[in-house]
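Asks: The primary structure of each chain is shown beneath.
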Amino acid sequence: MSNGSKERNPFRSSSKRRRRNDAGGHALFAFFTYFVLACTAYIFLDIAVKGAPVVFKAEAPFVNLGFIFNNPETLVVFKDGNGEKVRMAMSDFSEFKKANPEAVITDEHTFSYCAGGIWGPLVGTALLVGICMVIALFAGVASAIFLNEYARHGRFMNTIRLAIMNLAGVPSIVFGLFGLGVFCLWPWLPVLTYEPSGNAVATFAIPFTDGFLSFQGWGTSMIAGGCTLAIMVLPVIIAACEESLKAVPMGFREAAMALGATKWQAIRTAVLPYAKPGILTASILGITRVAGETAPIMFTAALAHKAGLPWAEAKGGGLFWVSDFFTQSVQALPYHIYTVSARIPRSEDTEPMQNGSVFVFLLLVMAFAALSISMRARYRKKLKW
Amino acid sequence: MNDIDLDPVPAATGDDAIPVPDEPASETIIEIENLGFSYDHGKTETLQGISLEIPKNMVTAFIGPSGCGKSTLLRCLNRMNDLIDTAKVTRGTIKILGQDIHAPDVDAIELRKHVGMVFQKYNPFPKSIYENVAYGLRIQGVQKKSTLNEAVERALVQSALWEEVKDRLADSALGLSGGQQQRLCIARAIAVQPQIVLMDEPCSALDPIATARIEDLITELCENYTIVIVTHNMQQATRVSARTAFFYLGELIEYAATDKIFVKPDKKQTEDYVSGRFG
Amino acid sequence: MDETPHTLKDFDSGLARLRDEVVAMANVAIQNLEESMSGLMEGNRDKCNEVIAEDEVVDDLEKSVDEIGMAVMVRFNPVATDLRRVISSMNIAGRLERIADHAVNVARHSRKILKTGPIEETKMLEPLFGLAIGEVRDAVTAYVDGNAELAVSVKKQDDELDRLHKRLGKSLIQLIEERTDGAVGLVHLMFVARSLERVGDLAKNIGEEVVFIESAEDIRHLSL
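Residue numbers (the numbering used here), protein chains in the order written: chain S, 57 to 441; chain L, 224 to 502; chain X, 124 to 347.
Treat the hints as calculated values from the structure; they're not laboratory data.
It is possible that part of the hints are untrue.
[To be verified] Below, in silico cross-link-like pairs of lysine to any residue (SDA-like), each with a Cα-Cα straight-line distance of 20 Å or less:
#	chain 1	residue 1	chain 2	residue 2
1	L	LYS487	X	ILE210
2	S	LYS319	L	ARG361
3	S	LYS319	L	ILE332
4	S	LYS319	L	LYS266
5	S	LYS332	L	LYS487
6	L	LYS483	X	MET196
7	L	LYS491	X	ARG207
8	S	LYS319	L	GLY364
9	L	LYS490	X	GLU340
10	L	LYS487	X	ARG207
11	L	LYS350	S	LEU328
12	L	LYS350	S	PRO329
13	L	LYS491	X	SER338
14	L	LYS266	S	LEU328
15	S	LYS332	L	GLU354
16	L	LYS490	X	MET196
17	S	LYS438	L	SER351
18	S	LYS319	L	HIS325
19	S	LYS437	L	LYS350
20	L	LYS336	S	LYS438
21	L	LYS483	X	ARG207
22	L	LYS344	S	ALA303
23	L	LYS487	X	LEU206
The structure displayed is predicted, hence computed values, not measured ones.
Extracted from the complex, chain S is given alone in its bound form (with noise of 0.2 Å):
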């Protein structure tokens, strides 16, 4: 072997085809991963560097408080005296023509929600948000629960769990319509008011009180809106907690069981409590998706303006006024980012008030989800078996 020539080398390459066609492939996947990449970046960095000047400012506080703690309001855009351009919400305005009635206004436009800010979306937003997640976290856990430790695994319950799998899969403008039909319109939910509408189907006068309990169905409001929402992440959220449920070493559950637990003592002492961290980044990522969703609160829940926020607007006391906050239907941020921006002309009187709305949404997303990943992260530090 040892005088065998330099040209004989046992390694070199056999075909320059393979190598091309392998390097080709290499390129193509790159290329595909990169684009969609770029994509990505450029719709986040266009939000970003359009909206940020709405949210941010250059002096302290550094952050716009205005656009974050005001409700929409109408943008009123006028010439004045002089010819200059003059942005101006209608309360503004209202005061500014008070105070100069003399004042010479021209060529006056006025757009919706387009100033002021989006307290009144954001707070819609997390209550809505906050209904779901309490249904759906209760609802989804407990079936979980079943589906994974109570259930005979035979054809029956795998349909179920095929089902209850394709309802992630369904479109959620069919939840929309769903929750419309069924928490809106549906006339047997009961609410406690004083005056009960015309479409009630039994009403009973609670006694000692001018109040009603009726029969009339919940209407366009955040209890519909949540209830259609959490029905619509409860797949999610019961997969996710299956799979967290499953992740609990089955060692567990024997030794509980060995050491004379009931069934459910050791799923309350030995299986949730280490299932909890990967249920709750699940969940996590559950209010991202929900917080987002549109289409399934436009019908249920969702309005495009409110003048006063859910508590100022509840009335009644005691249990009549929790009703009544539940009620009400409410604005909320994506309703109100597709109303302004697809319902009121791009110009750039409008731009602010689209490009910042999309702005902050796009950072509440992004700080759910890191707020998800670094709960995940220090869990597993902790509960590793």
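Take the given structure of chain S and dock chains L and X to it, following the hints.
Replies: The following block gives chains L and X in isolation, referenced to the frame of chain S:
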């Protein structure tokens, strides 16, 4: 060779003579009679008519090739197989402390308080050492701090872990070594003071030194507990057990004193298995 | 005996090597015994010298049996029949070594007898030798074939040998008492007879080991 007079003369060997009882010397705690067991609603029997008696306060080993039913039988003893939907006992009875454990008025939960179990893969909960040992008592509703402290200390002392962990009871159990984790699992099992401890290949995930410590512990524990151990390691069976049962294809082939099984088994199948002659 | 081979083929070959080594040792021991006796009978001192030299071979073989035996124990943890086979093989090797030692004894005494010239009474030892060598052969055959019955019969043969030895001893003593010169040769002859009796005992022990291997029954110190 049957004509040879085999009158044993143990008296000559003095007081350290190893007793080789064919009949259990102590009283019987588990009686299994003609037990049949199926994992698929009775279509095929995983255990086919097992009958054996397990003596009290002794270590009894179940050996046999994989799939011979030894673990299944072990899990029948505390009705852990109840957790499998399709599993059922097809015939026969198991009596523990004289009580048929499949009688309608027997609560599997109560049974398991008396028949503890240690698993193949050590599985402490990701909690503190203290909480792991106290778990069984807590789920039984014991709240009193002093009772818990006492029980935890006693269990840890009995499982030869106390000296190693007494200063870090609040630390996570997952910080212990594999052997310590398994001993913790034994402590957790004996903290509820069962009469019987079932061990399903307790050392198969451990290194030889940790294994030796567990084996040493097992021999010590059999003073207070009846131990039934399933093992793939035949040397382990010879080291720890007083009696050994050999299973093959769901049947009990031979059940006798461990020394007999490993020196002069009656059945050729047993001999072939213990001497490594299995086809 | 056991048709089923071990899962580990090395285990089987280890046991086979152990047996072969013991058999080889037995052959050398038997040969030495025969040589020393025929040296005595034929008055051939060279044969006696050869036997004394050959003894080293047996010693080496004994060491080798022990080595293989220990290696098998360490590597394969034999149990049941295998365990008995290994332990007994090592014991048997020890016995065979002692038999070879007695062959050397016989050779030494023979040399001394032959120094003063062959004596008539040597013939008296023939039946004793025949029984002893027969016992050894039977014991070794029983070991190779796993024949426990043959092994037990060795024990019975040994009773016969003992009786014969006792009688022979008495006759020899009588002769020594009668004789005034040449008694030294007779004394040496008595030592030879004593060695042959011991060989018989050792053969009996080998037979007992074979019974232990085959049936796990310890028949030592039992009267049949």
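Asks: Which hint numbers does the structure go against, in order from smallest to largest?
Replies: Violated: hints 4, 5, 14, 16, 20.
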